[in-house]
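Colleague: Given the sequences, and given the hints that come with them, work out the whole structure.
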Amino acid sequence: MNEQLLLGLLVVLPFLGFLFNGIRFTSKNYKLAGTVASTASGLCFLISLTLVAKLIGMPEGERVITSHFFDWFLAGDFSVSASFLLDPINAVMILVITGVGTLIHIFSIGYISHDERPSKYFAYLNLFLMNMLILVLGDNLLVMFVGWEGVGLCSYLLIGFWFSDPEKAAAGMKAFITNRIGDAGFLLGIFMLFLSFGTVTFSEIATRLPETAEMMWTGPITLACLFLFIGATGKSAQIPLYVWLPDAMAGPTPVSALIHAATMVTAGVYMIVRMSDVFVLAPLVMNVIAIIGALTALGAATIGMTQWDIKKILAYSTVSQLGYMFLAVGVGAFIPAMFHLMTHAFFKALMFLGSGSVIHAMADEQDVRKMGGLKKYMPITHFTFLLGWLAIIGAPPLAGFFSKDEILWYSFASPAGHWSLWVAGVIAAGCTAFYMTRLMCLTFWGESRVPKEVHPHESPVSMTFPLIVLGVLSVVGGWIGIPHVLGAIIPGHPPNVLEHWLEPVVRMLKPEHASAAVEFALMGISLSVAGISAYFAYDFYLVHKDRPTMVTKKLGGLYSLVSDKYRIDEFYFGRIINPLIDLSKGLWLYIDINFIDKMTYLASDMVKGSGQFLRSLQNGNLQQYALYISLGVVVTITYILMGS
Amino acid sequence: MGVDLFEITVNLVKMIFIFVMMVNAVPLLVWVERRGSAFIQNRYGPNRVGPLGLVQLLADAVKFIFKEEFVPGKGHRLVFYLAPVVALIPGALAFAAIPLSMPIELGEFSQIPLGLFTIDLGETYGPYRFAFQGYEIGIGIVFVLGVSSLAAYALLMAGWGSANKYSLYGALRASAQTISYELALGLSLVGILLLFNTFNFKEIVEIQSQALTFSFLGSQMTVPYLPNWGIIYQPVGAIIFFAAMFAETNRLPFDLPEAEAELVAGYHTEYGGIKMNMFYIGEYGHMLVASALMVTFYFGGYTLYPFFTPETVNQFWSETMGLTGNPVALLSSLSLHLVFMVKLVIFLWVFIHVRWTLPRFRYDQLMDLGWKTMLPWALANTILTAVVILIMRAAWS
Amino acid sequence: MPMTEAFLNVGLNHYLILSALLFTMGMIGVLMRKNVIVILMGIELMLNAVNLSFISFSSYSGNLNGQIMVFFVMTIAAAEAAVGLALAVAIYKRYKEINIRFFEQLRG
Amino acid sequence: MTELIPVFALTGFVILFGLALVFATSLLGPKTKQSKVKQLAYECGLEGEGADSTKVPVKFYLTAILFILFDIEIIFMYPWALAYKDFIATGRGLFIFSSMAVFLAIFIFGLFWEIRSKALEWE
Amino acid sequence: MLGAAIPFYILSFLVLFFAYKTITSPNPIHCALHLAITMINLAFIFFGLNSPFIGGVQLVVYAGAVMVLFVMVLMLFDLKTEVRAFSRGLFSSFLKVASSGFLAGILIVGVLMSTDMLDVTSDSVGVGVKATSSTDIALLLFNQYVFAFEVLGLLLLLVAVGAVAVSRIPGGTHAND
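Protein chains in written order, with this note's numbering: chain B, 1 to 644; chain E, 1001 to 1397; chain R, 2001 to 2108; chain H, 3001 to 3123; chain A, 4001 to 4177.
Don't take every hint at face value.
[Stated by the list, open to error] Have a look at the derived ranges for each label pair, beta carbon to beta carbon:
id : chain 1 : residue 1 : chain 2 : residue 2 : range
1  : H       : Thr3032   : E       : Val1055   : 22 to 32 Å
2  : E       : Asp1120   : H       : Gly3012   : 28 to 38 Å
3  : A       : Phe4147   : B       : Gly620    : 35 to 45 Å
4  : A       : Leu4154   : E       : Pro1327   : 53 to 63 Å
Since the hints were made in silico from the structure, they are not lab data. A virtual CB, placed ideally from N, CA and C, is assigned to each residue, including glycine.
Modeller: Written out as structure tokens, the structure is:
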């Protein structure tokens, strides 16, 4: 089969699955629904593998597969076609999306078995998969935007999947509205790029970039990048638009794993990497991105230390990890960003699924204070979760270690980097180690605080199998991107496969004065910070259980500030949303009613009046009608004669 | 109408002569009818005034003119007076369009030989070509049909102008009957058109003046002893045409409009004197037209193939009688005209004979006959003709 | 004398002007008469005027399509007269009225 | 136009002739006193109401409508019959026949529908 | 020249005169009769315009059928001569007459202005037509307009059915009342 057809199938298969489940959405046959959806997803994964294999088979530097389906619209010189593009960057993405997606589909079969509307759930999942693939595969910004909006829609639908609970429905709306703000920014960015380049196709932008950059003032590009970044903050939950992600945990846990950890939230990162050629022309924006990323990583990590809800902790962890990725792209380390995106997808999906397994076992209990000692009830879940924990805190040689340290190294050494960014990253890494260890202690270790009526049990195979696979990936996933300095000392000298893979298509800002010694030193510092933090957490929550309260009391206001998530939501409501509502009300009550409504009334009155007049003309008098016709003829003929 | 005074005069005189012939045929026909009916009914008929009562009708005509003028009190004066005038028009116009003989082709001449002495004209006239008819119209059939369809106006005007309910009923019956039978009439002519492919009477007659010639499955067949008459191809069409013509003329057995028992005298109840006579002129004019059309369409017109055709007649006068020049043309035309008149008289006699033979229809029978019998038969005749032509001409090859 | 010439030299324009006048008369009849049937007659008059234009154009340009068109127009005019009169008779039989203004009352 | 002059002339002559006859009787005929009774319409002695208010069966009019429609259909057959052999000569005989066959099928259907629907019944 | 002009002017006069009488006669039957005369005269104009077949059809269809129907229908009606033949309303009447008159004027002006409408000289009546035979019309009709011809057959059928149906409605001509 040719590549174009396969690229199309990549989108068509999930759509067929969506149709199949969407049409019979009232069915409760979760096995059938899940099997169909998983099959669609699994076939996509196989296709992705085939495609990537083909890409690998191509000569380096020409690894591109394009597929043109139809011309979407034409307006003068400007044309947009519905076409796909597959190159090394989104090859990584489609593998992650379809691979992790398939595992999560399989996991969902068990997870959703007791639900009312399994068909609908799987229909949404497939729809999400389709839109995500459109987003990733689109060869121009508008096709990407279609996917961008589509995944937003699916996210909304899945967060509010249990819409009968008003809180969950509200969470869905919050996610959607927050995303709208970002989307508006993204759209503005597209417009700006179109203004600057006259095209929205990636390849054409890339070809026009050098000349444009030389002859033009980079202001518009900077502005465009800023807008695009706003879009990215919306989708990828960065400051200031991150508030929706913790609330998005209201959705089913596999959804959190797929959408809100592994794939959708990384769309912003992917987009910036895709547009990296443009972004490097706007150093100011790069700095902003780096700072925002660092702040997000730090802030979210600190909030994560104070949460008690297992999914909330993971959500803040996600925000924090996304902050890392933005820090990476901000300092020009696009390949480490993609690397971290991939490894994070593995271990965070693993941990979310693990937490889902726990929640499933605890009969929908999410508070970690009511858990503990689950290790003996759920050995597989515990073991895989353990792997995820090790990966995220950066224990070598697991996946997180390599990617995180790469990012930290670049934030220090890159031309766009700065030592303060590195410090923030290291502190965030410490916090990460702390709250993750805390999570492990409270959930799996120590004595059981499980209520008597709950009987925790190990999950079925359909749920543990994805956990195992993801656990393995969390261990080995990092080995494709081993940094050169480490590769140099490890026996066998493993190469940095990922960097090699992405290098031809991604322009990176290389550290100017790379020194192996400095790199090893920094690595050691961050490792030891993480280790110490982990130890402290272990000490606090398993050995000296009174210390947390003591520390809390000592910190006082600061602690409550952090545990209240820096009162960002309250700030938004008090300073932005409510004033906006008041302003709107004012506009409605005064301007709308007094002026705009009056104007519409005037228009309607005019229509009514003319209607009354015309009605008197239409009085049923045939001869009058004939007169009108004849007058019309007279006028027409007069006009024609005048013209000649 | 003509290039010089001579031609114009001849044409005008000829036209008026034909009209007067039509008008004068009326007393003659009435005499024939009365004598004939008397013969059929074993009576004497008019036999006092003149030899065989021939002058009776002349006396009647004079009497009509001296009758008192009369208009019904509530009648519409203008319409009442105009109706008989209108009644004259269709017959006259239609009859004038039918060729009564072949055209007279005159060569140049400067004197008129009249047997014993000649008139010297002083200058040379000619050559001329005088059609033996009122006027030549290319689309003769359509013209005649159109003109005779105007006959309904006279009836309606008479009935309405009289302000008499019997007149009105009579007029409506007459016109409804006329138009109903016009369908069968028109449809039966389609067969003739299929055969001859022309609207022109003269061409139709010329085609019929040859030996019977037709194609049989694509090959030409000729029967030298039979004339190429329409009746041989279209017997059913001829019967339908003739019957419809009876109805058109409102004569027995189709004289419902003047059914005495029901409607007094139909649409001319209130008419008397010469005005009533004018309706008769119209009716007999219609009869003349009908007979002339029968002759023209189905019986060879002014020719009778083996004996009287333009060629044979010409040959007779020029070779047997030894004449040359204009007299030959003149005499040939006149002799063919005689042939035509003989045929015409035969058909007129058939008209009269039928009138005194068949009883009158009831009105519903009349309409049923027109719509449910003759129209379908005419249709079948048309289709059959088309199919036969298709087969005989081997149209598929 | 060019004026006499123009009058005696009957051409296309003469027929067209005759057609225009005829059309106008029909139009006045349609617009002004009260009797539905007379209005139908006015329509017939207008159609005839149009037919006259068709025929004169056809004759002066040697194009027979005009005559075909007139043939069709006549057919349709006859059909229109048939239906129009049928309706007029139906309404008259029921309401004893053929004034066009009365027909305004017949709104469904 | 010129070939029509005889037609006009004949029409004019016929009209003049008719009018002259009508006029002649009114000149030559006896003038007697017109009385009301004499001017009555010949309606068996009852005072007639005049043609204006005579009620007429509407069947006449339905017959006339159907006549118009069928008359036009028959008029359509005339050009067909005229061109029939020309078409056959150019080898399109089946076309011309089938085109009229369709038309005639419609015609016959209409005729039989009218007969079946009793629109042509007189009592 | 005179030979063509005299019949034309006589016929035109008759046509216009009887058309005028058609729209002004107070008695509808007179209107119908005048219209019939108009139609007959028009038929002769068609004859004169080298279209004898159409002239004949005009005689058969219009004068012989349609106008007979009109006269018959008018005789069915219980019609008094209209006291006021024209509809009321001074202003609208003025407007109607004015617009009609204006239309006539503007059409005539338009005709006179566009002398080059056809590339024919005014005295070349029928020059472009070489022997307008009825067969030519027949050939054209069945070569180019076969479809329209069939459709018209269908239309006539529908009208026949419709006329019978209308006559069946309550109070109609064949209703059982």
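Colleague: Next step is simple, just say for each hint if it's right about the structure.
Modeller: Quick rundown of the hints versus the structure:
{"no.": "1", "hint": "Thr3032(H) / Val1055(E): 22 to 32 Å", "in the structure": "holds (29 Å)"}
{"no.": "2", "hint": "Asp1120(E) / Gly3012(H): 28 to 38 Å", "in the structure": "holds (35 Å)"}
{"no.": "3", "hint": "Phe4147(A) / Gly620(B): 35 to 45 Å", "in the structure": "holds (37 Å)"}
{"no.": "4", "hint": "Leu4154(A) / Pro1327(E): 53 to 63 Å", "in the structure": "holds (60 Å)"}
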